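Novice: Each chain, written out:
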Amino acid sequence: MIHFHADYFDGISARAVKVEIEANSEEIAFGAGGVRHVFRLADIRVQPKLGRARRVIELPDGGRLEAGDIALLEALQRPTGETVFWHWLHRLENHLGWALFALILTLLAGWGTINFLIPALAEQVAYAIPPSMERKLGEQVLAMMDEQIWTVGDHEDQSSLQLGYFKPSQLDQARQTALSEQLKALCAKQPDCPAHELKFRGGGKIGANAFALPGGFVVLTDELVALAETDLEIIAILMHELGHVKMRHTLRQTLQGALSGLLLAAVTGDVDTLASGLPAALMELRYSRQMETEADAYALASLRRACVPPRLFAAILQRLEQEDSVSIPEIVSTHPDNPARLQPFLEAKLDCELTPGLARTDP
Amino acid sequence: MFKGTKETPIEFTGKAGEYFGIWIINLLLSIVTLGIYSAWAKVRRKKYFYQNTLIDGVGFDYHASPVAILKGRIIAFVFFMAYAFSQNVSPYLPMVFALIILFLMPWMVIRAMTFNARNSSYRGLRFDFAGGMREALFIFVSLPVLFIFTLGLIFPYMVMRQSRYLLENHKFGLTAFRMNAKAKDFYLIYGKVLLLVMGIGAALSALVALSVDKDTLLNSIQGMQTGAALADFGLIMAAFILFYLLLIVGSGAYVQARVSNLIWNSTTLGNLSFRSSLRAHDMLWLYLSNLMLIICSFGLLTPLAHIRMMRYRTSRLSLTGETDFDRFVGDKQAGVKATGAEMADMFDIDLSFG
Chain A
1 MIHFHADYFD
11 GISARAVKVE
21 IEANSEEIAF
31 GAGGVRHVFR
41 LADIRVQPKL
51 GRARRVIELP
61 DGGRLEAGDI
71 ALLEALQRPT
81 GETVFWHWLH
91 RLENHLGWAL
101 FALILTLLAG
111 WGTINFLIPA
121 LAEQVAYAIP
131 PSMERKLGEQ
141 VLAMMDEQIW
151 TVGDHEDQSS
161 LQLGYFKPSQ
171 LDQARQTALS
181 EQLKALCAKQ
191 PDCPAHELKF
201 RGGGKIGANA
211 FALPGGFVVL
221 TDELVALAET
231 DLEIIAILMH
241 ELGHVKMRHT
251 LRQTLQGALS
261 GLLLAAVTGD
271 VDTLASGLPA
281 ALMELRYSRQ
291 METEADAYAL
301 ASLRRACVPP
311 RLFAAILQRL
321 EQEDSVSIPE
331 IVSTHPDNPA
341 RLQPFLEAKL
351 DCELTPGLAR
361 TDP
Chain B
364 MFKGTKETPI
374 EFTGKAGEYF
384 GIWIINLLLS
394 IVTLGIYSAW
404 AKVRRKKYFY
414 QNTLIDGVGF
424 DYHASPVAIL
434 KGRIIAFVFF
444 MAYAFSQNVS
454 PYLPMVFALI
464 ILFLMPWMVI
474 RAMTFNARNS
484 SYRGLRFDFA
494 GGMREALFIF
504 VSLPVLFIFT
514 LGLIFPYMVM
524 RQSRYLLENH
534 KFGLTAFRMN
544 AKAKDFYLIY
554 GKVLLLVMGI
564 GAALSALVAL
574 SVDKDTLLNS
584 IQGMQTGAAL
594 ADFGLIMAAF
604 ILFYLLLIVG
614 SGAYVQARVS
624 NLIWNSTTLG
634 NLSFRSSLRA
644 HDMLWLYLSN
654 LMLIICSFGL
664 LTPLAHIRMM
674 RYRTSRLSLT
684 GETDFDRFVG
694 DKQAGVKATG
704 AEMADMFDID
714 LSFG
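Sequence lines, in order, name chains A and B.
Letter 189 of the first sequence, counting from 1, is numbered 189 in my numbering, and no numbers are missing.
Remember, my numbering sits 363 above the position in the second sequence when you count from 1.
You may find that some hints are simply not true.
With a straight-line Cα cutoff of 25 Å, these simulated SDA-like cross-link-like pairs (lysine to any residue) come out [unchecked claim]: (1) A/Lys246 <-> B/Phe448; (2) B/Lys409 <-> A/Ile44; (3) A/Lys49 <-> B/Phe448; (4) B/Lys409 <-> A/Phe345.
FYI, nobody ran anything at the bench for these hints, they're computed from the structure.
Just so you know, these numbers come straight off a predicted model, no measurement behind them.
Could you build the full structure based on these sequences and the hints that come with them?
Specialist: Dropping the structure here:
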């Protein structure tokens with residue numbers, strides 16, 4: 001039999017009544033206002049400990065008891081999975097050492113989630129999305145990137161707002177067809193060439209560049225065509241982009257952004273939104289690096305199979321890097337370590353005949 | 364204050380160090396459970412703040428079931444996903460979603476208020492919320508639409524109606540809250556802020572118009588290639604943004620302090636009334652210093668920021684009148700039945716995302 005003091009609230013009035021409680025391993029009993037209350041220990045609910053706040057016992061009839069310390073009562077209760085969990089949680093929360101340990105674990109868990117879990121999840125979702133839907137998305141993105149000019153104001157004071165970047169391609173139809181045919185010839189050599197559609201555009205502000213959009217759209221700018229010394233260099237770059245298409249990188253990256261945003265929103269119901277923007281921005285960078293490496297590997301393997309010298313890829317990339325342009329092509333910028341990246345392309349030795357249909361226009 | 368009226372302070376006993384532990388464990392478990400634990404985390408966080416807010420030595424309590432909160436979050440998650448992908452199906456779908464949200468808003472506000480009130484208690488008595496749908500539609504849909512057509516002129520009136528609706532439909536036990544503030548008082552607060560902001564804005568614009576050549580500005584916007592012009596433009600923009608940010612935060616702090624004071628000082632609960640004395644410059648200092656704390660610690664000092672804000676707000680709020688809590692009664696039987704029926708209801712979900 002144990003005794004302790006508590007404030008009793010009957011749930012009908014807000015009045016606090018000081019009571020003395022006696023309890024054994026079966027029952028808890030107290031007298032208030034001339035009435036004796038008895039409850040079975042199994043029916044009462046002891047609220048888990050939280051900070052140094054007063055302890056609360058919820059009674060089955062809607063009343064409650066509040067007391068400073070009820071360790072004696074807790075000792076009487078049979079521990080269940082739930083009470084053990086709350087007990088450990090409280091211990092974790094109240095020891096700075098544990099809290100710091102938790103902090104490190106939090107950072108690790110966050111890092112793991114961002115680097116492995118979300119990419120894996122995004123990959124699953126990306127492959128589950130029907131190709132028709134992905135195509136529509138790609139069409140929309142391309143439409144947004146194409147130049148549109150909005151004009152506002154009257155004749156005297158006119159100003160125009162320019163949206164998008166791409167201008168119509170200046171390449172003639174024969175040249176476009178020639179490049180498409182060569183890409184097709186190289187693709188035919190591959191066991192796993194993804195469905196794609198080549199789009200020619202004037203780069204505008206973007207300059208020399210090539211992109212993979214969702215739905216298999218590959219955009220090639222006139223400036224990049226002009227920069228290339230041989231057509232094979234262009235084809236080499238396009239194979240890198242087809243690597244992105246094959247592994248659905250663009251869609252996956254978009255999904256990763258959306259998923260991490262959602263996860264952060266769910267988690268940060270308890271944190272400020274301000275702090276949550278930072279990791280999201282940081283992970284964007286990491287993803288693309290890994291994806292670039294994958295696309296490089298695809299390009300290298302494809303070029304070898306078709307007997308296109310891989311050093312051509314390195315050659316045009318180095319030229320791109322030297323281009324003094326406002327926007328640095330994605331293919332260059334996301335790799336801080338270009339020499340190391342290009343090493344395998346420079347070292348690759350080939351002893352075979354170039355695939356027919358590809359034009360060797362080496363100087 | 365006349366004789367016999369005593370003032371009862373509201374105490375806040377939360378400690379930043381203690382809350383840091385709770386906060387960090389909440390964060391950790393939320394991450395490793397992919398956000399599922401966040402519902403339990405919310406209950407624990409709210410309980411901590413409630414149980415450490417004391418009147419007369421007795422704390423508040425929060426009783427929400429984490430599962431109900433989780434349900435609400437799952438619905439929001441599904442809705443968000445549907446919204447995010449609706450654009451790919453048809454460009455009109457997002458608009459449809461926005462309309463649905465607009466008309467669901469009043470219902471969501473009522474649900475969130477009811478959920479929160481019924482799960483909050485003090486001295487064993489639950490709070491309750493009983494706002495009607497018709498008035499909610501007027502306040503949260505019609506008035507915002509009118510707000511656009513009246514060029515914002517009805518904004519103070521809208522704030523008054525919304526505050527009154529939210530407050531007067533709240534009950535402690537069986538006793539309802541009353542708010543006596545008039546629209547005129549709200550207009551006075553917002554009018555003052557508007558005049559001040561417009562004055563500063565006009566002075567600044569005049570200064571800029573005198574010092575910056577329009578063509579240079581246009582060129583640097585359109586050109587974007589010349590590094591020097593870009594850097595200049597960036598510097599000017601940064602100064603602009605910083606100043607306007609300060610102006611916005613400053614007027615925000617003023618409005619927050621004054622409107623809170625107005626509402627609380629005109630609120631009664633039975634024989635009790637409230638006294639709120641928030642000060643704009645204290646609030647501004649708290650906002651800015653909290654922001655700096657959070658940024659400089661990469662978010663780690665967020666718990667300290669929360670505790671500081673709560674400590675200040677409670678220190679500036681007190682109860683006046685005879686705090687004779689014996690007067691307050693609840694209807695326990697009906698209360699239990701109502702919540703019992705509510706539990707079985709599939710709409711017993713938390714739709715507030717705080």
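Novice: Each hint: holds or not?
Specialist: Hints, verified against the model:
1. For a cut-off of 25 Å, the pair hint linking A/Lys246 to B/Phe448 stands: about 22 Å separates their Cα positions.
2. With a C-alpha separation of about 22 Å, the suggested pair B/Lys409 and A/Ile44 falls inside the 25 Å cut-off, and the hint holds.
3. For the suggested pair A/Lys49 and B/Phe448, the alpha carbons sit about 43 Å apart, so the restraint of at most 25 Å is broken.
4. Taken as a hint, the B/Lys409 and A/Phe345 pair is broken in the structure, with Cα atoms around 58 Å apart against an allowance of 25 Å.
Checked against the numbered hints listed earlier, the structure breaks hints 3 and 4; every other hint is satisfied.
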